[in-house]
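Enquirer: What follows is each chain in one-letter form.
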Amino acid sequence: MSAKLAISRPGEGAAGKTGTWRTFRPEIDLEKCNKCGLCRLYCPDAAISVDLVIDLDYCKGCGICAEECPKKALTMIREED
Amino acid sequence: MFEIRLHSRGGQGGVTAAKLIAYAAFLDGKYATATPLYGAERRGAPVVSFIRIDDEPIRIYSQIRNPDLVIVLDESIMQLVDVLNGIKPEGKVFINSQGGTEVEGHQTYPVDLTSISLSLDLVLAGNPILNTPLIGAIAKMGIISQDSAKQVIAETFRDERNVEAALRAYEELKI
Amino acid sequence: MLTFGTGNKAVAMAVRDAKPVVVAAYPITPQTEIVEEIANFVTEGSLAARYIPVESEHSSMAACIGAAATGVRTFTATSSHGLVYMCEMMHMSAGARLPIVMANANRALGPGWNIGAEHSDSISMRDTGWLQVYVSTVQEAYDATLMAFRIAEHTDVLLPVMINLDGFLLTHITQTFETVEPGDFIPPIATPHAIDINNPGGYGTLTPGNTHFKFRHDIERGMQASIPVIVETEAEFSRRFGREYHLYEEYRCEDADVVIIAMGTLGKEMEVAVDILREEGTRAGAIRMRWFRPFITPELNGKDVVVIDRDYSFGYGGVLAGELQAKSGCQPFSVIAGLGGQEVTYDDIAEFVRIRRPGTEHWFGVDD
Amino acid sequence: MAIPDEEFLLKTTSACAGCPSSLILRYVTKAAGADTVLVIPACCTSVIQGVYPTTAMNLPVYNVAFASAAAVASGMSEAFRAEGKKTNVICYAGDGGTIDIGIQALSGALERGTDFLYICYDNEAYSNTGMQRSGATPLGAVTTTTPGGKKDHKKDLDAIVAAHNPVYQATACAAYPQDLYNKVEKALSIPGPKFMHILAPCPPGWRFPSEKTVEMGKLAVKAGLWVLYERENGKLTITGASKAAMKKRIPVEDYLSVQGRFRKITAEETAEVQKTVEDTIARLQREVDGIC
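Residue numbers (full-length UniProt numbering), protein chains in the order written: chain X, 1 to 81; chain S, 1 to 175; chain P, 1 to 368; chain V, 1 to 292.
Source of the hints: derived by calculation from the structure; they are not laboratory data. Source: prediction; values computed, not measured. Possibly wrong hints are sitting among the right ones.
Stated by the list, open to error - Calculated cross-link-like contacts (lysine-lysine; reagent style DSS-like; alpha-carbon spacing at most 27 Å):
| # | chain 1 | residue 1 | chain 2 | residue 2 |
| --- | --- | --- | --- | --- |
| 1 | V | Lys-222 | X | Lys-71 |
| 2 | P | Lys-19 | V | Lys-247 |
| 3 | V | Lys-243 | X | Lys-71 |
| 4 | X | Lys-72 | X | Lys-35 |
| 5 | V | Lys-86 | P | Lys-19 |
| 6 | V | Lys-155 | V | Lys-222 |
| 7 | V | Lys-247 | V | Lys-222 |
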């Protein structure tokens, strides 16, 4: 090992696939969604893309998106075992 | 090695005087060290400095126990401190003295440095400047050369009166 | 240029000549003159550095870390309580492999308050990963400071270096010394792990145990690699500037039956004791340890050994004596002397040799 | 100001679900851009980046010891400026690392005029080590070291910082990303020492469900417990949702009662919290009006 200091390099999945942390999963009802983007704005983990697609590999299921959605277009669904 | 112990009071410039004497010796081509003995000295408290002059590099850092010369910048200190402690039998004493104080058993050189400075109005922060006339006196004693004494004063003090003070002390000291 | 000044001034002038980009420091007796002189150099323009007047020693080392992390040359200075106050950052700076150079004016720790020379401050930093050199003249203070930058920044080393000089005894003594034009003696700094905006990374991130120990091991590799770098640097210094230094300095050791070992100013004064003992018919010699980290074991060849420690590890013993014993197998007469600036003369040192009892400990001024 | 799409927090950190610090950091980094170094002392953010050799942070992050962030930033900023670089140096520290152990270094760096932005994300406790009280923990809050509820008030960090007269000082809240983004962007456009104090409602620490992070921040602002403002060249401006809250507020009880950490707060303490709110609002209004 020649590195003098632990320098971590950026990459997705640094904390593993955090999608496995979820108990509840957000689901979008595209009928109700008005593309306001608040869900993406408030997602702490930037797991919602510009096109408002939720990356379920990483979404931790906090539920902020559903809570803050003004159109109630998001619902938290219990993950099945 | 020639060892000098210098007694003064805080604020009288004793620490600077020791550096200037050592610096003059350095200019003479000698090895020299000047060491202040620091404690919790404050203005007015007795202070001791040491000067060593030699033809060889000086390897000693401890205090001077057996001086060849004792310099007393303030006569009144002799009431408080045994300035002759450990002085060599042939050791000499220089005293800044108004009344020509002599020390028994040792060659004594009394010069009134204070009056010289006061007569030239050489006063800094309320204290008469003693180290420039002292340099003149030490040069007269042959411990440092006249040229080096002049250079040290010229490099250290801008005021011409310092040169005059050194010259007067040089003249007043009787060998 | 031949000049005349104190140990503190010599360090400051060496720093000026080494041209650091950032100096962050906090004043403490008896180091103060170093930072005052450097502040003067910066103000008058003879040193084009950023001087950061920090609010504590913890922050002086922290600021040096921040600056050195960007890949620039840095310097700080401290003493005693200041050094132990920055202890956390001592570990951080060495752990981050930042080649910071620091002067430490060795001074006792309270209570009671004491500003005299003692090595307990720097000795207590021995396990941080800092290189430590102890100097014994004003000239050596200047030379060792210049060399410290070259050693610390060497890509085989990349560890910080501390130059230790005895408080007052060396910081405040005025002696002759010669400054040099370093030229390319200190090559431009090139820290391979400096922050690179174009190659983002998490510096010093969470590191699991099975990786962490590899970085720790690499610190030791740097330490070991520093030995040839020190030898090479001192040889190059001698070639260019004419003054010779070694890992440790021997004095009249060739035929000696007994050697005195010490660091700092006592390591110079003891040469006078050796001369006195020789005149008495005792074949004495002296070894002045310069580098305490990395620890370099001198050749003792079965000689009687008298070690003077200006430090103490409570519940253990004199640190230098203990390390020499562990590394060389000698049974030293361990003298503890000079703590808190206690006056120790060449006569006292000669007496240590006369009364020596190998394998025992002697507290000067206590056990008499 | 339009918020750029680029993310500097890659999917994903190991932060708790609903973490306000991650949310704040998303917008801090978006506003700062790539020419930025984050200096991070011990706090949740020093842990959530990921484990060597991979990090979720797509910009340089220098991890330092707890008390040292502002001093490290001082050295870093001076070194960058000495080399002619404009790189943003941002300390991103928790409340413990700012209000308690790091306040000396912060004070020194502000006083020295360090060109940097110091951000304190405040979740009102030592959350990284499992919710011990900090100087930022509010009156009445239960933490693991105040099991009966805290008996002392939250330290007024903003007043302490204001006493240093930084060139720019602002508050923000995780619940208002646009306001937060605007302030970071503005702060970084001004040379000199800048400071931001950002409220970070912490689901596990404050004992509320993870989906309520944003809601909790909004309640704090609506109750006037957290006032959004900025102070530039000594001029105070109330921003965003706090403009309304300066005139009309919900009772603090609406905020306290929905958090498990306040389960032991007494009626007297609740009244005291309410009084503190009224005093703070009145003081800020006087400043806005130029009366003090």
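Enquirer: For this structure, which hints from the list above don't hold up?
Expert: 2
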